[in-house]
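Engineer: Since chain Y is already given, all that's left is putting chain W on it; use the hints.
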Amino acid sequence: MALSAGNLNIGDTYKECLVEDLKRTQLVQYSGASGDYNPLHTDEIFTTQVAGYPSVFAHGMLTMGMTGRMLTNYVGDGRLKAFGVRFTSQVWPGDTLHSTATVEEVTVEDDQPVVKLKVETTNQDGKVVVSGYASARVDT
Amino acid sequence: MAIDRFPVEASHIMMFARSVADANPIYYDEDYAAATEPGRIIAPPTFAQSSAQFDPDYFLRPKIGEPWFGSGKEATGIKRDRSGGGGGGGGGGGLHAEQHFEYHRHIGPGDVLSATVKPGKTWEKQSKRAGKLVFSETVTEYRDQNGELVITARGVGVRTERPVDQ
Chain Y
1 MALSAGNLNI
11 GDTYKECLVE
21 DLKRTQLVQY
31 SGASGDYNPL
41 HTDEIFTTQV
51 AGYPSVFAHG
61 MLTMGMTGRM
71 LTNYVGDGRL
81 KAFGVRFTSQ
91 VWPGDTLHST
101 ATVEEVTVED
111 DQPVVKLKVE
121 TTNQDGKVVV
131 SGYASARVDT
Chain W
1 MAIDRFPVEA
11 SHIMMFARSV
21 ADANPIYYDE
31 DYAAATEPGR
41 IIAPPTFAQS
51 SAQFDPDYFL
61 RPKIGEPWFG
71 SGKEATGIKR
81 DRSGGGGGGG
91 GGGGLHAEQH
101 FEYHRHIGPG
111 DVLSATVKPG
121 KTWEKQSKRA
131 GKLVFSETVT
141 EYRDQNGELV
151 ITARGVGVRT
161 ERPVDQ
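In order, the protein sequences belong to chains Y and W.
All residue numbers for the first sequence refer to the working numbering, where the first residue is 1 and numbers rise by one.
All residue numbers for the second sequence refer to the working numbering, where the first residue is 1 and numbers rise by one.
Bound-form chain W, shown alone:
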């Protein structure tokens, strides 16, 4: 898994900031941003996660002409073998357990990033609310157009044996 080209764009930053309800003008107003310490529009702290938009294989984006597991005529577009016993958290399955970012430099429009993703540790845990939990870690290194490391991200996903009890 890798992202060859993640161009950081002003309109994407603006939409991302809106989606986390952040009205800070440093995320959309060039003139305002020019007078701040960073001196330009920068991206919000968790923006790097939207590199998913530039991952050609990202599995949580519907692909043209391919089946999609969300609802349409039926409650899911992908039929699963129900006799399989137990299996995989009922669809969707994976949840996000942890996310960590280290910022080496704050990115902004004009930066063109690339990212490499390395698998990390995996471990298991038994839980009362969701049965067996299988955790797996990935480490993503974002580099800029000069090859400089700008963000190190570490994510932990968890697959649950069944939906989490509420």
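Chain Y on its own, in the form it takes in the complex:
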């Protein structure tokens, strides 16, 4: 399961489809689990009539959470040391998202081999919705 430093090359990529045709119900699910009940994510009437957006949209943290799933599937469970993102564009119901991790560096921190990854999640139009980085412990 775990990655080995010896088998990693700069520029290696790992890609996953995070979601196809994102449903409003998943936004409700994420609101309930995370505790973020901002109506912008679940209340179409408020969001269109008061906030002035074309529809409800995903929590940034939902997209980050799904992006995290791609990462843990790649680096293994309990291996992440850091994970950070910028939310560069909104994600809407109906969107299909893909996420890619790219190896930028294989290094050693505290006597442990570590991989540094560039992380990018894009929508069906190729627009970047989440852009960030991660680092994870790997085997030698």
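No lab work stands behind these hints, which were simulated from the structure alone.
Here are some chain Y residues the structure puts well away from chain W; computed CB gaps all over 10 Å:
id, residue
1, ALA5
2, ASN7
3, THR13
4, ARG24
5, ASP95
6, LYS118
7, THR122
8, ASN123
9, ASP125
10, GLY126
11, VAL128
12, VAL138
No farther apart than 20 Å at their CA atoms in a straight line, the calculated lysine to aspartate or glutamate pairs in the EDC-like style are these:
id, chain 1, residue 1, chain 2, residue 2
13, Y, LYS116, W, GLU98
14, W, LYS79, Y, GLU44
15, Y, LYS81, W, ASP111
Glycine included, every Cβ here is placed at the ideal spot set by N, Cα and C.
Structural biologist: Leaving out everything else, chain W in the frame of chain Y:
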């Protein structure tokens, strides 16, 4: 702002993993988890964000007996002064701009966390799509039942002058 007690619970982890569409059994199956490297159920990487559930003052959760800005009979439960000019991104206002986590140890059921939240930098930027943007940073330190730092989280929120153009 602080969270005194954030008990990490198996059912909460399971629901959180479902909500991010992660079917990994390490998030719900004790027997499976026992045979993995962590050796027990652990929380998904962004789970700490759900500490909002344990923040008594969290402003994005409806409170019993208090007005709520989502729709009911009207499109919003809180009337705003419309003559105020400009003001605050149309309701809701704040958006999440950045989030960063550093993991010092991976948490799981049985851990009881507490968190302190410190304000960080604030800065402004002009944007074509949403007018003036005001960014503000917070740093949250999650500690376990032994007082050990387990996760450092840094979030950046942004208030927009108007809804973001699509």
